[in-house]
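J.: Chains A and B supply the protein sequences, listed in that same order. Be aware that the first sequence starts at 1, since it is given in the numbering used here, and climbs by one per residue. Be aware that the second sequence starts at 1, since it is given in the numbering used here, and climbs by one per residue.
Among these hints, one or two may not hold up.
No farther apart than 25 Å at their CA atoms in a straight line, the calculated lysine-lysine pairs in the PhoX-like style are these [said to hold, decoys possible]:
id : chain 1 : residue 1 : chain 2 : residue 2
1  : B       : Lys10     : B       : Lys244
2  : A       : Lys152    : B       : Lys143
3  : B       : Lys143    : B       : Lys13
4  : B       : Lys19     : B       : Lys62
5  : A       : Lys200    : B       : Lys244
6  : B       : Lys177    : B       : Lys143
Facing chain B, from chain A, some residues (calculated, C-beta under 10 Å) [stated by the list, open to error]:
id : residue
7  : Glu119
8  : Thr219
9  : His321
10 : Asp324
With beta-carbon atoms standing in for the labels, derived distance ranges [as the list claims (entries may be wrong)]:
id : chain 1 : residue 1 : chain 2 : residue 2 : range
11 : B       : Ser156    : A       : Ala87     : 45 to 53 Å
12 : B       : Ala146    : A       : Ser105    : 53 to 61 Å
13 : A       : Asn11     : B       : Glu202    : 43 to 51 Å
14 : A       : Leu298    : B       : Asp259    : 41 to 49 Å
15 : B       : Leu82     : A       : Arg28     : 54 to 62 Å
16 : B       : Pro61     : A       : Gln83     : 51 to 59 Å
17 : B       : Ser156    : A       : Ser105    : 22 to 30 Å
18 : A       : Ala204    : B       : Glu298    : 29 to 37 Å
19 : B       : Leu59     : A       : Arg90     : 51 to 59 Å
20 : A       : Glu156    : B       : Pro275    : 16 to 24 Å
Just so you know, these hints were derived from the structure itself, not from any lab. Note that beta-carbon positions come from the ideal geometry of N, C-alpha and C, so glycine has one too.
Listed here are the chains, written in short residue letters.
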Amino acid sequence: MSDTPILEVENLSKHFDVRTGLFGREKRTVKAVSGLNFEIGAGETLALVGESGCGKTTTTRLLLRLQDPTYGSVRFQGQDIHQLKGADLRTFRSRVQAVFQDPWSSINPRVRIRDFVAEPLIVNEKLTSAEVDKRVLGALDAVGLRPADANKYPHEFSGGQRQRIAIASAIVTHPRLIILDEPVSGLDVSIRSQIINLFKDLQAEYGLSYILVAHDLATTRYLSDRVAVMYLGSIVEYGATDDVFDSPAHPYTEALLSAALSADPQAKRNEIVLTGEVPSPLNPPTGCAFHPRCHRSLGEVCQQRAPALNIRDQGRAVSCHLFDD
Amino acid sequence: MAQPPLLEVKDLKVEISTKAGSFFPVNGHNFTVNAGETLGIVGESGSGKSMTAMSLVRLLPKHAAHIRSGSVRLNGRELLTLTEPEMRRVRGSEIAMILQDPQTSLNPSFTVGEQISEALRLHSPGPRRTLRERAIDALRKVKVAAPEHRVDAYPSELSGGMRQRVVGAIAISCQPKIIIADEPTTSLDVTVQAQYLRLLRELQEETGTAILFITHDFGIVANLCHRIVVMYLGRIVESGPVDKIFARPAHPYTEALIDAVPKLHGQDGRLRTIPGQPPAPTDQIQGCPFAPRCEYAETRCLSDLPPTVQVDGQGDHSASCWRVVDQ
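Isolated chain B (complex conformation) (with noise of 0.2 Å):
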C-alpha cells in the first residue's frame, strides 16, 4: 500500500448527550477506506454504524451529538474543521450517501429528473437542456430500462428497487469518491438486492469509488466487500480482509456472531447463540464491552479495556480482545 488511503479517520469521537446520560456511540475508531475498495462496517442495533456514518459528513442531529475528538481525512484533507458551507460542497460530490429506504430520501412531489439534477446543478452547474441530458445518463448507469421517459416519472410511478436506482443515480451524478451506504437494500426483496449489489459492483469497477457499507447481514458481507470493520457498543472489536476475518475471526464477538447464523447449505445441530443481550448505550462499561457476554471472558476482561493488536504479522487484521493480547 503505497499509496494513501482515501479515506483516512483516525480516534474519532462522538457523544451523545441526553437525560439519561451522556455516551459514546463512536468511541474512538480509526480505519481507512482505499480508493476502488468496498469496506463493509457490521455491527446489530445500537452498535454506533450509523452514526460512524453520519459523522463522517457531519451530518449529526444538531445539539444532541458532539463530535469530541479526532480527525476525518478525505484525500489527505480534514473534513472536520470545515466551515459549514466548504463542507456543502464536499457532501455529493465527493462524498455520497445512499439510505436504507428511497421511499424517504425522495421528494414525492419532485419527478426524479428534477432531483438528480438538483445534485448536479449544486455541484456542477450547466444549462437546464445538458443537466436534463446527464439526468438521463445518470439512469442509464444504474441500468434503469427507458430512461429517456422514466426522467419524468415520479417516486410514486416507480416500484422499490427502481427508486432505490434513482438515489443511486443521484449518488453517482457528481462522481464521488465515496459512497456511503447505509443498508440501502433492507426493503429490497431477495432477488432484486442482488440485482442491485451487482449493480454496485459494477459501478465501482467502472468509475472506481470507494463504497463504505453499512449492514448487519453478513450475507452481503461476504459477497460485497474486501476489508470489513466489526462494530459492538461504540467501539471496533476486529478489523481486517474478510476472507481473513470469516476464516479466522480474532474476536468472540465476530467469531460467535459469525456461527449464530445458520448457513444456506445446510447444517444439524443447535446455532451458537451468544447469551444476554447487548447493554445499553448508556450503560457504564468497565473493561471490554463485550466481556458480559464473553464465553472466554476473564476478571481483567471486566475491569480493563484490552488494547487493538495486531493479530498476524502482516499488518493488516487487528482486535481488540484480551485473548489475541496474549498471542
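One chain only, chain A, in its complex shape (with noise of 0.2 Å):
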C-alpha cells in the first residue's frame, strides 16, 4: 500500500470533564481516548479491538465528526475533518459513512426502505430524483435485495436484512470509507457469515476501506489487514493483524488473544486468565494503564512510567517496557 492513505490519524485525544463527589464539587478528567495515532489505505481494513472502556466507540465518534478532539487531527483525503465546513462537509459526510450494531434501532420503523436509503444522498448531494432511484436501486441490488423491496416498510424485514439496509444506505452515496461498528455482534451465526461475505464483496468491487470495531476477534482476524488492540484510551499494539494474532507481544494482546475461545474443542490453549477487570477510566493506575492486570509485569518501571509505543520492523508497534531497548 504505497499511496497515499485515505485517512491519517495523528496524536488524536478526547478528554472529557465530569464532575463527580458530593454535589458534583469535584471536577475530574476522563481521558477517553489519548494519543492515537494510525493511518488507513484505500481498499483497507482496519480493526480496532477492545474490551469495553478502551475508547473504541469514542474513536468512532471522532472519525465520523461527531465529537470534536480535545488535540491532534483526523486528516481525510489530505483535510482536516474537523476544520471542514459547507460543500466540503457535505462531501466528507457522503464520503464516509458507518454501519452500527443494531439495525433495529437505527432504522426509523416509519420510513419506506426507499427514502431511508435515499437520505444520505438527499442530504449530501444534489440530485434529480430520476437519480436518487437509479443510485438507491443500485445499493439494493448490491446488498442482494431486490428492486420490490424499496416500497417496503422496516418490519417487514428480519434483522439480517435490516443489516442489508442499513449498509445500502451507507454505500449509497459511494463512500470510500465505512466505519462498522459491530456490525454482526446483533446477528445470528447462520446469518452472520453471510453479512461478512457481503462486507468482503463490496470491498473487493468498490475498493472501500474499513475501519472495523468488533470484540469477536473471529471475526475481526477473517475482516482485517491490520489490527490496533486498545486499552484504557491507549494504542497498546499495532501491526499486521495475521502478525499480531500469530504472535502477539504486548501482553494485554496475548491475554486477550488467550481468553478468545476459539470454536474447536481440539485446539489447545495456552491460557493466561487476567485478574481484575478493566479499572475505571476516571482513576487509571499509574504508570503502565495495564500493570495492575499484567502477568508479565516487571515491577517498579511499569508501576511509574507509561511505556511509549514503539516502533518496531514491518509497521509493527508495541507499547510495553518488555519491548524497551
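Since each chain comes alone in its own frame, lean on the hints to assemble the complex.
T.: Below, the structure written as C-alpha cells:
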C-alpha cells in the first residue's frame, strides 16, 4: 500500500470533564482516548480491538466528526475533517459512512426502505429524483435485496435483511470509507457469515476502506488487514492482523487472544486468565495502565513510567516496557 | 454408564398459543444430563433454547405457554407432576439458575449478602449470624475479593463480572445438583468471560454439580461442554459428545453452523453461509424444519419429518436427518 493513505489520525485525544463527589464539587478529567496515531490506505481494513471502556466508540465518533477532539487531528484525503465547512463537509459526509450494531434501532420504522436508503443522498448531494432512484436501486441490488423491497417498511424484514438495508444506505453515496461498529454482533450465527461475506464482496468491488470495531476476535481476524489493540484509551499494540494474532507482543494482546475461545475442542490453549477487570478511566492506574492486571509486569518501572509506543519492524508497534531497548 | 442420569427429559412438548396461532417451541425433546457433566444447548434465537430451560424449572409464562406432554425426572423424581410448593423447594436447592443479565437478576435495593442469605434462608434456615457467614463463604467460593466487605455492598457498587459472580454465589449457595446457565457470559467482556468460565469449571470439579449451559457461541461450547444438543426451530436436530460433533457433524445444520463461524487461527476464502433465514415459529412446516435452507434437501425432506437415529454404533451420537437414516 504505497499510495497515500485516505485517512490519517495524528495524536488524536478526547478528554471529558466530569463532576464527581458530593453535589459534583469535584472536577475530574476522563481521558477517553489519548494520543492515537494510525492511518488507513484505500481498500484496507483496520480493526480496533479492545474491551468495554477502551475508547473504541469515542474513536469512531471522532472519526465521523460526531465529536471534536481535545487535541490532535483526523485528515481524510489530506483535509482536517474537524475544520471542514459547507460543501466540503457535505462531501466528507457522503464519503465516510457508518454501519452500526443494531439494525432495529438504526432504521426509522415509519419510513419506507426507499426513503431511508435515499436519505444520505438527499442530504449530501444534489441529484434529480430519477438519479436518486437509480442509485437507491443500485445500492439495494449490491446488498442482495430486490427492487420490490424498496417500497416496503422495516418491520417486513428480518434482522439480517435490516442490516443489509443499513449497509445499502451506507454505500448509496459511494463512500471511500465505512466505519463498521460491531456490524454483526446482533445477528444470528447463520446470518452473520452472509453479512461478513457481503462486506468482503463490497470491498473488492468498490475498493472500500473499513474501520472495524468488533469484540469478536475471530471475525476481526477474518475481515481485517491491520489491527490496533486498545486498552483504556490508548493503542497498546498495532500491526498486520496475522502477525499480531500469530505472535502477540503486548501482554494484554496475549491475554485477550488467549481468552478468545476457539470454536474447536481440539485447539490447545495457553490460557492466561487476567485478574480483575478494566479499571475506571476516571481513575487510571499510574505508569502503564495495564500493570495491575499484567502477568508479565516488571515491577517498579511499569508502576511508575508509562511506556511509549515503540515502532518495531514491519509496521509493528508495541507499548510495553518489555520491549524497551 | 451404569448410573442412571441425573436429569432425564423424555418427549417434552411445550405449546405456546398466540393470536397468530399456536406452535411448539419445545417439540418432543429427549435428552439426559449426568452428574458432574456439562451439557450445552446450542441454537440460534427462536430455536427454543430458553423455553427448554424454563420448562425444566416450570417457570414458563403463565397462560401463554403450557407443557403438553413428556416427563422431566431429576434423580428419578418426576418434576412435572409436583405441586407448586413442592416445585418451589426444588428450585434453588436442587436446580439453580444463572441468567444472562446480572443487572436484572439482582435486586438493586438489597445488599449482596441479603440476597444470598435469602436463598439460604428459604432452603436451609439457620440463625442470622451463620447465614451471614455462609453468604461470605459463598462469595469466597466464587472468588470475590474481600468477601467480608463485599457482602455489605449493593449491586450498583460492583462491576458486571463481579455481579455475575454474585449471581453464581446465589446459585451454588444451596449446593444444587444441577445449574442451568442461560447465556451467562453474553454481557461480559472477553477477558472477564474467560475468568467466569474458568470459575464454573472449578466449581464443577469441586462440587460435582452438573451444568446445563445454553449458548449460541461455539467457542464456549468447544471449551466448556462435554456433550451438546443442537436445536433448530423447537426440535433437537443433533446430540452427542462435543468432540464427535465438531469432528464429524451429522446434521447439515450443525455442519453449516460450525463452518459459518470464522476461525481464530485464520483462514482464506469465503465463509460458508446458510441461505435464507430461520422460519417464523408460527410457520406450519411439514417435514424437516431445516429442509427449506438445506443444501442436501430432497423431496421427502420437505414432506416427512426424519426420525432421530444413531449416527454410529456407539450409541452416544444421534441426529434427525434422512441422510443419516440412509447410512
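J.: Evaluate each hint against the coordinates.
T.: Hints, one by one, checked against the model:
1. Between B:Lys10 and B:Lys244 the CA atoms are separated by roughly 23 Å; this keeps the pair inside 25 Å, and the hint holds.
2. A C-alpha spacing of about 52 Å is found between A:Lys152 and B:Lys143, which places the hinted pair above 25 Å, so the restraint is violated.
3. Using a Cα cut-off of 25 Å, the hinted pair B:Lys143 and B:Lys13 is violated, with the two alpha carbons roughly 39 Å apart.
4. At most 25 Å may separate the alpha-carbon atoms for a hinted pair to count; B:Lys19 and B:Lys62 meet this at roughly 16 Å.
5. Distance restraint check for A:Lys200 and B:Lys244: the Cα-Cα separation of roughly 32 Å exceeds the 25 Å cut-off, and the hinted pair is therefore not satisfied.
6. The hinted pair formed by B:Lys177 and B:Lys143 meets the criterion: a straight-line CA distance of about 21 Å does not exceed 25 Å.
7. A hinted interface residue such as A:Glu119 counts as satisfied when its beta carbon comes closer than 10 Å to some beta carbon of chain B; here the least separation is about 26 Å, so the hint is violated.
8. For A:Thr219, the suggested interface contact is upheld, since its CB lies about 5 Å from the closest CB of chain B, less than 10 Å.
9. Given the 10 Å rule on beta carbons, the hint for A:His321 is violated: about 21 Å separates it from the nearest Cβ of chain B.
10. Look at A:Asp324: its Cβ only gets to about 25 Å from chain B, farther than 10 Å, so that hint breaks.
11. The given range of 45 to 53 Å is respected by B:Ser156 and A:Ala87, whose C-beta atoms sit roughly 49 Å from each other.
12. For B:Ala146 and A:Ser105, the hinted distance range of 53 to 61 Å is not satisfied, since their beta carbons lie about 39 Å from each other.
13. For the pair A:Asn11 and B:Glu202, the supplied restraint of 43 to 51 Å holds, since their beta-carbon distance comes to about 45 Å.
14. Judged by the Cβ atoms, the range 41 to 49 Å given for A:Leu298 and B:Asp259 holds: they are separated by roughly 43 Å.
15. A hinted range of 54 to 62 Å holds for the C-beta pair B:Leu82 and A:Arg28, which are about 56 Å apart.
16. The hint said 51 to 59 Å for the Cβ distance between B:Pro61 and A:Gln83, and at roughly 56 Å that hint holds.
17. The hinted range of 22 to 30 Å is satisfied by B:Ser156 and A:Ser105, whose Cβ atoms lie roughly 25 Å apart.
18. Between A:Ala204 and B:Glu298 the beta carbons are some 35 Å apart, a value that agrees with the proposed interval 29 to 37 Å.
19. Take B:Leu59 and A:Arg90: their Cβ atoms lie about 54 Å apart, and the range 51 to 59 Å holds.
20. With their beta carbons about 19 Å apart, A:Glu156 and B:Pro275 fall inside the hinted range of 16 to 24 Å.
Comparing the model with each earlier hint shows violations of hints 2, 3, 5, 7, 9, 10, 12; every other hint is respected.
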